[in-house]
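Just so we're aligned, residue 1 is where the sequence shown starts under the working numbering, counting upward by one.
Take the hints with a grain of salt, since some may be wrong.
Distance windows between CB atoms, simulated [said to hold, decoys possible]:
1) Gly71 <-> Gly166: 16 to 22 angstroms
2) Thr2 <-> Asp148: 45 to 51 angstroms
3) Lys42 <-> Arg190: 34 to 40 angstroms
4) Gln132 <-> Asn185: 20 to 26 angstroms
5) Gly100 <-> Asn185: 18 to 24 angstroms
6) Arg190 <-> Ala118: 33 to 39 angstroms
Hints are computed from structural coordinates only; laboratory data are not their basis.
Note that CB positions come from ideal geometry on N, CA and C, so glycine has one too.
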Amino acid sequence: MTTKKGAATRLRIVEAAAAEIRERGLNATTLDDVGRRSGTGKGQMFHYFPEGREELLLAVAEHEADRVFEGQQPYLDELTSRAAWEAWRDLIVTQYRDQGLYCPLGVLISDIGRHSPASQAVAAQLVKRWQQCVRTGIEATQAAGEADPGLDPDRTAAAVIGTIQGGVTVLLSTGSTEHLEAGLNLCLDRLLV
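Let's have the full structure, built from the sequences with the hints guiding it.
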């Protein structure tokens, strides 16, 4: 059992590690960096993460996955009309434009997700959960008569998620959301009637 204070310390360490990784990259981030940023020593870090760096990275991956979903609510759960899809698209483009190189999605999938089978599983679970939300929205929009009924919801949801991730990858390389926005616009043009 962890006390409230202990839970707060653990969260502070995870948030510090996530911020360091977003800013400096996984390979350049050390436990000393995380300790300085979180105001904790290595003893505290190993108390909360006894298996060391691997366990901390897994906690960071889970934290970043939660940030992705929390940042898209309530829009992601309300994809039932053209207006709702357009509002979600605008939110995504604005968020990633504002986050720029400090994108939790990019860090999770591109950096941490490749580090180990456990963190890769967290990234895969994020994509699966996200795709399911988009699929549910596609089905709801089809039922409302505002989406092409001939589209396969699973394949279309996979294309939307792939478009977002591809756009984020280009953003991380160029600093521009142009590809993300163009890709989402094409997806919505195909989806919505």
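Okay, the hints, checked on the actual structure:
For the pair Gly71 and Gly166, the supplied restraint of 16 to 22 angstroms holds, since their beta-carbon distance comes to about 19 angstroms. Taking 45 to 51 angstroms as the suggested C-beta distance range, the pair Thr2 and Asp148 conforms, at roughly 49 angstroms. Taking the beta carbon of each, Lys42 and Arg190 are about 52 angstroms apart, not inside 34 to 40 angstroms as hinted. In this structure the hint that Gln132 and Asn185 lie 20 to 26 angstroms apart at CB holds, the actual value being about 23 angstroms.
Against the hinted window of 18 to 24 angstroms, the Cβ-Cβ separation of Gly100 and Asn185 comes to about 20 angstroms, which satisfies the hint. Arg190 and Ala118 have their C-beta atoms about 36 angstroms apart, which keeps the hinted 33 to 39 angstroms range intact.
The structure does not agree with numbered hint 3 stated previously, though it agrees with all others.
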